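Chemist: One-letter residues, chain by chain:
Protein chains: 4
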Amino acid sequence: MVRVAIVGSTGYGGVELIRLLQAHPQVEITSVISSSSAGAPIAEGFPHLTEIRTDALDGVDVGLMKSKADVVFLATPAGVAAKLAPQLLDAGLKVIDLSGDFRLRSAAEYETWYKHAPADEAYLSKAVFGLAEVFGDRVRGVDFISNPGCYPTATLLGLVPAVKAGWIDPATIIIDAKSGVSGAGRGLSQTVHYAEANENLSAYKVNRHQHIPEIEQTLSDVAGRPVVTTFTTHLVPMTRGIMSTMYASIVGGPGARSEADFIGLYKEFYAGRKFVRVRPQGKLPATKEVWGSNYCDIGFAVDSRTGRVTIVSVIDNLVKGAAGQAIQNLNLMMGWDEATGLQFIPAYP
Amino acid sequence: MVRVAIVGSTGYGGVELIRLLQAHPQVEITSVISSSSAGAPIAEGFPHLTEIRTDALDGVDVGLMKSKADVVFLATPAGVAAKLAPQLLDAGLKVIDLSGDFRLRSAAEYETWYKHAPADEAYLSKAVFGLAEVFGDRVRGVDFISNPGCYPTATLLGLVPAVKAGWIDPATIIIDAKSGVSGAGRGLSQTVHYAEANENLSAYKVNRHQHIPEIEQTLSDVAGRPVVTTFTTHLVPMTRGIMSTMYASIVGGPGARSEADFIGLYKEFYAGRKFVRVRPQGKLPATKEVWGSNYCDIGFAVDSRTGRVTIVSVIDNLVKGAAGQAIQNLNLMMGWDEATGLQFIPAYP
Amino acid sequence: MVRVAIVGSTGYGGVELIRLLQAHPQVEITSVISSSSAGAPIAEGFPHLTEIRTDALDGVDVGLMKSKADVVFLATPAGVAAKLAPQLLDAGLKVIDLSGDFRLRSAAEYETWYKHAPADEAYLSKAVFGLAEVFGDRVRGVDFISNPGCYPTATLLGLVPAVKAGWIDPATIIIDAKSGVSGAGRGLSQTVHYAEANENLSAYKVNRHQHIPEIEQTLSDVAGRPVVTTFTTHLVPMTRGIMSTMYASIVGGPGARSEADFIGLYKEFYAGRKFVRVRPQGKLPATKEVWGSNYCDIGFAVDSRTGRVTIVSVIDNLVKGAAGQAIQNLNLMMGWDEATGLQFIPAYP
Amino acid sequence: MVRVAIVGSTGYGGVELIRLLQAHPQVEITSVISSSSAGAPIAEGFPHLTEIRTDALDGVDVGLMKSKADVVFLATPAGVAAKLAPQLLDAGLKVIDLSGDFRLRSAAEYETWYKHAPADEAYLSKAVFGLAEVFGDRVRGVDFISNPGCYPTATLLGLVPAVKAGWIDPATIIIDAKSGVSGAGRGLSQTVHYAEANENLSAYKVNRHQHIPEIEQTLSDVAGRPVVTTFTTHLVPMTRGIMSTMYASIVGGPGARSEADFIGLYKEFYAGRKFVRVRPQGKLPATKEVWGSNYCDIGFAVDSRTGRVTIVSVIDNLVKGAAGQAIQNLNLMMGWDEATGLQFIPAYP
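Residue numbers (UniProt numbering), protein chains in the order written: chain A, 1 to 349; chain B, 1 to 349; chain C, 1 to 349; chain D, 1 to 349.
Any given hint could be a false lead.
What the hints assert, rightly or not - In silico negatives: residues of chain D with every beta carbon more than 12 Å from chain C:
{"hint": "1", "residue": "SER31"}
{"hint": "2", "residue": "GLY79"}
{"hint": "3", "residue": "ARG105"}
{"hint": "4", "residue": "LYS126"}
{"hint": "5", "residue": "LYS164"}
{"hint": "6", "residue": "GLY180"}
{"hint": "7", "residue": "TYR194"}
{"hint": "8", "residue": "GLU196"}
{"hint": "9", "residue": "ALA197"}
{"hint": "10", "residue": "GLU199"}
{"hint": "11", "residue": "ALA256"}
{"hint": "12", "residue": "MET334"}
Claimed, not checked - Cut-off 30 Å, straight-line C-alpha distance, at most; resulting in silico cross-link-like pairs (DSBU-like, lysine-lysine):
{"hint": "13", "chain 1": "A", "residue 1": "LYS68", "chain 2": "A", "residue 2": "LYS115"}
{"hint": "14", "chain 1": "C", "residue 1": "LYS126", "chain 2": "C", "residue 2": "LYS164"}
{"hint": "15", "chain 1": "A", "residue 1": "LYS274", "chain 2": "D", "residue 2": "LYS68"}
{"hint": "16", "chain 1": "C", "residue 1": "LYS68", "chain 2": "C", "residue 2": "LYS94"}
{"hint": "17", "chain 1": "C", "residue 1": "LYS274", "chain 2": "D", "residue 2": "LYS205"}
{"hint": "18", "chain 1": "B", "residue 1": "LYS126", "chain 2": "A", "residue 2": "LYS205"}
{"hint": "19", "chain 1": "A", "residue 1": "LYS205", "chain 2": "A", "residue 2": "LYS83"}
{"hint": "20", "chain 1": "B", "residue 1": "LYS274", "chain 2": "A", "residue 2": "LYS205"}
{"hint": "21", "chain 1": "B", "residue 1": "LYS205", "chain 2": "A", "residue 2": "LYS164"}
{"hint": "22", "chain 1": "A", "residue 1": "LYS205", "chain 2": "B", "residue 2": "LYS68"}
{"hint": "23", "chain 1": "D", "residue 1": "LYS205", "chain 2": "C", "residue 2": "LYS164"}
{"hint": "24", "chain 1": "C", "residue 1": "LYS115", "chain 2": "D", "residue 2": "LYS283"}
{"hint": "25", "chain 1": "C", "residue 1": "LYS205", "chain 2": "D", "residue 2": "LYS274"}
{"hint": "26", "chain 1": "C", "residue 1": "LYS205", "chain 2": "D", "residue 2": "LYS164"}
{"hint": "27", "chain 1": "B", "residue 1": "LYS205", "chain 2": "B", "residue 2": "LYS66"}
{"hint": "28", "chain 1": "D", "residue 1": "LYS68", "chain 2": "C", "residue 2": "LYS205"}
{"hint": "29", "chain 1": "A", "residue 1": "LYS274", "chain 2": "B", "residue 2": "LYS274"}
{"hint": "30", "chain 1": "B", "residue 1": "LYS164", "chain 2": "A", "residue 2": "LYS205"}
{"hint": "31", "chain 1": "D", "residue 1": "LYS205", "chain 2": "C", "residue 2": "LYS267"}
{"hint": "32", "chain 1": "B", "residue 1": "LYS115", "chain 2": "B", "residue 2": "LYS68"}
{"hint": "33", "chain 1": "C", "residue 1": "LYS164", "chain 2": "C", "residue 2": "LYS283"}
{"hint": "34", "chain 1": "D", "residue 1": "LYS274", "chain 2": "C", "residue 2": "LYS283"}
{"hint": "35", "chain 1": "A", "residue 1": "LYS66", "chain 2": "A", "residue 2": "LYS83"}
Unchecked claim - Stretch-level coverage of chain A by chain C, calculated; a stretch enters the list once three of its residues show a Cβ under 8 Å from a Cβ in chain C:
{"hint": "36", "stretch": "28-34"}
{"hint": "37", "stretch": "82-93"}
Simulated from the structure, these hints should not be mistaken for lab results. Note that the structure is a prediction, hence the values are computed from the model and not measured. Beta carbons are placed, not taken as given, at the ideal position from N, Cα and C, and that holds for glycine.
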């Protein structure tokens, strides 16, 4: 059994890691860690864990992690992992970081979008961006993985095959993304106060979301030239789920590529990957159809009138967009089948 | 007092007309009409009307309407008004049609998108498209108004000033629209079954929605040349509310127009109109901020990186998107202030 | 026009007072007051008021209120009104208090349940408990009204006629109450964080809720002897609405009173009162059927097997449970029809 | 591997059986069966099963079931199992029935409450009522289990220990139950239409619910004399979850039993059973804390003023209230650990 520690166990990402890792056949959770609640039983703040996790929360202590764990998951706010990950790596631990601190190769870009001091460049360059279905080969066997953000996961899995194939014009990409409220985390704010968020739909951080450079970095890599996108995020009155609705002009104009063509392209691109499901022609995925699971489902609509393709991609933001993908990355890191411990069915309805 | 009859009183549009007209100082509802439930007290199917409306539903009878009413609101499914409106007009009644049957000038276009036989062209040409803030002068004093659809209302109010001013390139317009579930009406279906629609977000009728030609007809009028758009609709787990998130390239490229420019343009365009509220710089409207009211709120984000503007427009689909706008049209039809009976505050939270 | 000031305008009770008073034909809101946000435009924190209320928030200043208003509504947290109301009354203002500070006649009881210092007994004895349908005659023309709590309103309107008539045994009363989340106010807390409250149902403050003595005080008055009840409150994933499901043994046992009997008793008790609607036999009210309105709807089920009656009473907690009832009390205070400005239809769906 | 067939695979109970059985280490689903959709791929109606279950639905055919399965789960509407179960048993199959057809020992009682013809008494008497934590010993190794209803599961697990111990007076029991909307199944109706059920709370079938005799049958068994209860059901705007809030007078009056006493009694009663979690003093369970899991969580509040205890019991209606408990019963039927395949953590948030 591989021993894992989870830093940030009292956030939604951390508690979802506990849910999923508890069911993983080759892993033992040996330390649940919180800087704010150290010493308290974890079930106190999360009564759903009553009689399942009876351990008290550990504090953030590199020596303790070294003694208790082989792999550390960092489910901390941005800015924390930047300092902690290097210490853990230096101590010989493997690290999977779910924060955004190691996703951007450029420290300057990080500072621009995150408004924090970036991580040390020596460690930035060591982190492998764990978008397994796109960069799977790079992820296998490494010691330090930066887990992609929730929006970038849904968006990039929906765009990369078409951009890589040169089927859509990257300069025309517009991304209209929508997220359930859990994406905002467990911290209190007016925006996610129940009476304000319920029966409400709002747009936020238009063209200013810190996930934009992460999306553009990968699209630029894949396109072989700089890609700049329009990116809008919306808050939807539901707990879990992200939908990314993406628009782009088809190279060659109306008629150049059909829905069947796109489906074929994507099925081939994702052949052998269990967690991307390409939907049949005429069908678009809904967020509930991946609720609680590690799937990313993708569908297409080609408009012969405008020559544009509309790509719809959905994930559960806390699973494929966070904890589930992190475990998928653990599996690859350890050389296991990437689906180990993750092959459960979405909870429907 | 003007006497009004409401055909389709057992649908959500009809029952919202009752709610709003009941509070109108110059109107008396003299007949609530339903083809399916004639004879039953209306409060039986809608207990919220207990002791408020004690009348029984009338059947669909032109003679009866003629004897009881001056103005008839048609809140019927598409296809019904096409046949009924001409009879009512011929009987000398004024008509406000909330269905889509008289919104498209072209009968052929109607048939293509609605898959129904269109209305008689003689009557099609008589109907005035009641988008008051855009075509207000045309609406005043007429006898037959076709009330705009919910999506077109939010979308056109958000796009028309910029298209008319030539500030955005119509060929680049992409509309990502989202609606609460009441937009699907009171008819039962799997899609709007609670357990399926709750905690779920789905896209539907991508590029196939019957509101597309209505949007394009007006944009083409305003632009002075044919406009074709990309239009996606989503179902959001809330009862009321539409948000239209619209994207377009700014003519002149990055830097040509600022958010302040757009705000100024729209404030001028809508000067004197009470129901369009242009939000200040840096603020985008949320659907809850217009819940239950006749307002359409609009905000802007200009992206200097891509040279695109993102326009966010919200309405309550049952009020500004249906019953409220219909009453606004009644007001104009009768020569009253357009806000008569409609100046209530959104219900928040 | 009567000039009114609203203290606590940035809470949900205060902002609902604004919504309803704005539509009142005999009232002008001359001062919106907040201790925490004085100086800021009210529409800044509540964008739904954009272009409707352009005034800035006043601070809490008795002299200013005296100069601007005839009547002051106190929509403040418990503990604030206890100090403020006496000053306002001494200054010659009329006061309607929506907090709980003046609902209990016994200062000792207040301290036990509210854990605050009680108001001065001289003023406690001046406050008239404004449950209009029960104590209407006492309310007319007074200067100082204590507006009932949300749970007590739904509960007492559902119980008083039966207790007064001696039809149910007060010792057997069990009240299972459920509230939408707005009842918890606008203050942030984990319990009403969207991701925690959505898709969740919880019980809280069982037998410890501060509304218990308020319910028991009135039931004891009506019964003519001390009544003690079992009272449970639940948090339901919706914004507005309270349902009180009440159980009691029928005096005389099974067969002594039928549903028709109860309906008759209540219809007679509430004859001439517009805001209590007694439902017909076999029908029970749902919270949505009073959403946004000042109605309290009541239904009955008599069980011949157990000899118990189940009474279901629903209100909108922010209207009949707070702002609406306060305005009803204003109407009575001023000698107007109690329904003035309040006769709007519930928003359905 | 034990081979199982699921009849009623297109209902919510059936599809939840698929979700859970797919993860069971000792079971293989060999036939998914639907009378209405035979021949269609199951993923067509349930796209969340895409690429997970690629089989087509079988028709209802006893011979086919005999050839493909060892155990048959019946997740059919009431009335269907009454006829089908005997045939399956006669064919030598083991049967777990999730409908109510075999829960009542008395055929006459069944007819009274279900308004259907009852099952053959010979088979009624063979069925073992599978409330494992109460009747665990009877369930082990049998061939025919009747799975308890959702409301009875939450209610009985909350009441049986106290009734059995003689701590509460059965004649005083009042049950106020609340359910999420999925409990109403996948069939369409106005009541569970999204726009009607959202932001709404309603009571239904007061004292007429068909789960009442099931609750009373077991309570009477345990009490050793006939028990009659008051039972109300409510529809709560959430997809999953049942809360049963139960009231009873404590034998011996105020002071006779403390919360700690009840906790101790229940912990002892449920010692060794993994799926009932008794909450510590001062804590009451919320439905979200068992969402998606097989747990039943129970908490207590003792009121020294009235001498009553309030017991709060929560389950996921589709898991512990249906599919999960059925699998727990399969485990006991097969002689396995009752928790096999069911030890997953609730999905929170």
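Chemist: Each of the hints needs a verdict: does it hold here or not?
Modeler: Verification of the hints:
1. Under the 12 Å C-beta cut-off, the non-interface status given to SER31/D relative to chain C holds; the minimum distance is some 32 Å.
2. Residue placement check: GLY79/D keeps its beta carbon more than 12 Å from all beta carbons of chain C (closest about 25 Å).
3. With a cut of 12 Å on Cβ distances, ARG105/D stays outside the contact zone with chain C, its closest approach being about 19 Å.
4. With a cut of 12 Å on Cβ distances, LYS126/D stays outside the contact zone with chain C, its closest approach being about 29 Å.
5. Residue-level check passed: LYS164/D sits 21 Å from the nearest beta carbon of chain C, beyond 12 Å.
6. GLY180/D, annotated as away from the interface, has a beta carbon of chain C within 12 Å; the closest lies near 8 Å.
7. Distance check on TYR194/D: its Cβ comes as close as 9 Å (rounded) to a Cβ of chain C, failing to clear the 12 Å threshold; non-interface status is violated.
8. Look at GLU196/D: its CB is around 6 Å from the nearest CB on chain C, not clear of 12 Å, so calling it non-interface is violated.
9. At roughly 9 Å from the closest C-beta of chain C, the C-beta of ALA197/D falls inside 12 Å, breaking its exclusion from the interface.
10. Distance check for GLU199/D against chain C: the nearest CB is about 5 Å away, which does not clear 12 Å, and the non-interface claim fails.
11. With a minimum CB-CB distance of about 16 Å to chain C, ALA256/D clears the 12 Å threshold, and the non-interface call stands.
12. The beta carbon of MET334/D sits about 33 Å from the closest Cβ of chain C, which is more than 12 Å, so the claim that it is off the interface holds.
13. Note on LYS68/A and LYS115/A: the hinted pairing is violated, with a Cα-Cα distance of about 34 Å set against a maximum of 30 Å.
14. Annotation: proposed proximity of LYS126/C to LYS164/C holds, straight-line Cα distance about 25 Å (limit 30 Å).
15. Annotation: proposed proximity of LYS274/A to LYS68/D holds, straight-line Cα distance about 28 Å (limit 30 Å).
16. Of the supplied pair hints, the one linking LYS68/C and LYS94/C holds, its CA atoms being roughly 13 Å apart against a limit of 30 Å.
17. For the hint pairing LYS274/C with LYS205/D, the CA-to-CA distance comes to about 28 Å; that is within 30 Å, so the pair holds.
18. Between the alpha carbons of LYS126/B and LYS205/A the distance comes to roughly 45 Å, so the proposed pair goes past 30 Å and is violated.
19. For the suggested pair LYS205/A and LYS83/A, the alpha carbons sit about 26 Å apart, so the restraint of at most 30 Å is met.
20. A hinted pair counts as satisfied when its Cα atoms are at most 30 Å apart, and LYS274/B with LYS205/A qualifies at roughly 28 Å.
21. Between LYS205/B and LYS164/A the CA atoms are separated by roughly 28 Å; this keeps the pair inside 30 Å, and the hint holds.
22. With a C-alpha separation of about 53 Å, the suggested pairing of LYS205/A with LYS68/B is violated against the 30 Å cut-off.
23. Only pairs whose Cα atoms come within 30 Å are accepted, and LYS205/D paired with LYS164/C is accepted, the gap being roughly 28 Å.
24. Taking the CA atoms of LYS115/C and LYS283/D, the gap is about 21 Å. The hint holds against a cut of 30 Å.
25. Pair hint LYS205/C plus LYS274/D holds up; C-alpha atoms about 28 Å apart against a cutoff of 30 Å.
26. This hinted pair checks out: LYS205/C and LYS164/D have alpha carbons roughly 28 Å apart, not beyond 30 Å.
27. This hinted pair does not check out: LYS205/B and LYS66/B have alpha carbons roughly 39 Å apart, beyond 30 Å.
28. Of the supplied pair hints, the one linking LYS68/D and LYS205/C is violated, its CA atoms being roughly 53 Å apart against a limit of 30 Å.
29. With a C-alpha separation of about 54 Å, the suggested pairing of LYS274/A with LYS274/B is violated against the 30 Å cut-off.
30. About 28 Å separates the Cα atoms of LYS164/B and LYS205/A, which keeps this hinted pair within 30 Å; it holds.
31. At roughly 23 Å between alpha-carbon atoms, LYS205/D and LYS267/C fall within 30 Å of each other, so this suggested pair holds.
32. For the hint pairing LYS115/B with LYS68/B, the CA-to-CA distance comes to about 34 Å; that exceeds 30 Å, so the pair is violated.
33. A hinted pair counts as satisfied when its Cα atoms are at most 30 Å apart, and LYS164/C with LYS283/C qualifies at roughly 24 Å.
34. Taking the CA atoms of LYS274/D and LYS283/C, the gap is near 42 Å; set against the 30 Å cutoff, the hint is violated.
35. For the proposed pair LYS66/A and LYS83/A, the alpha carbon gap of about 16 Å is at most 30 Å, so the pair holds.
36. Beta-carbon proximity to chain C at under 8 Å applies to 0 residues in the stretch 28-34 of chain A; the threshold of 3 is not reached and the given coverage is violated.
37. Given a C-beta distance limit of less than 8 Å, the hint that chain C covers the stretch 82-93 of chain A is violated, as 0 residues qualify and 3 are needed.
The structure fails hints 6, 7, 8, 9, 10, 13, 18, 22, 27, 28, 29, 32, 34, 36, 37 (numbered hints given earlier, in ascending order).
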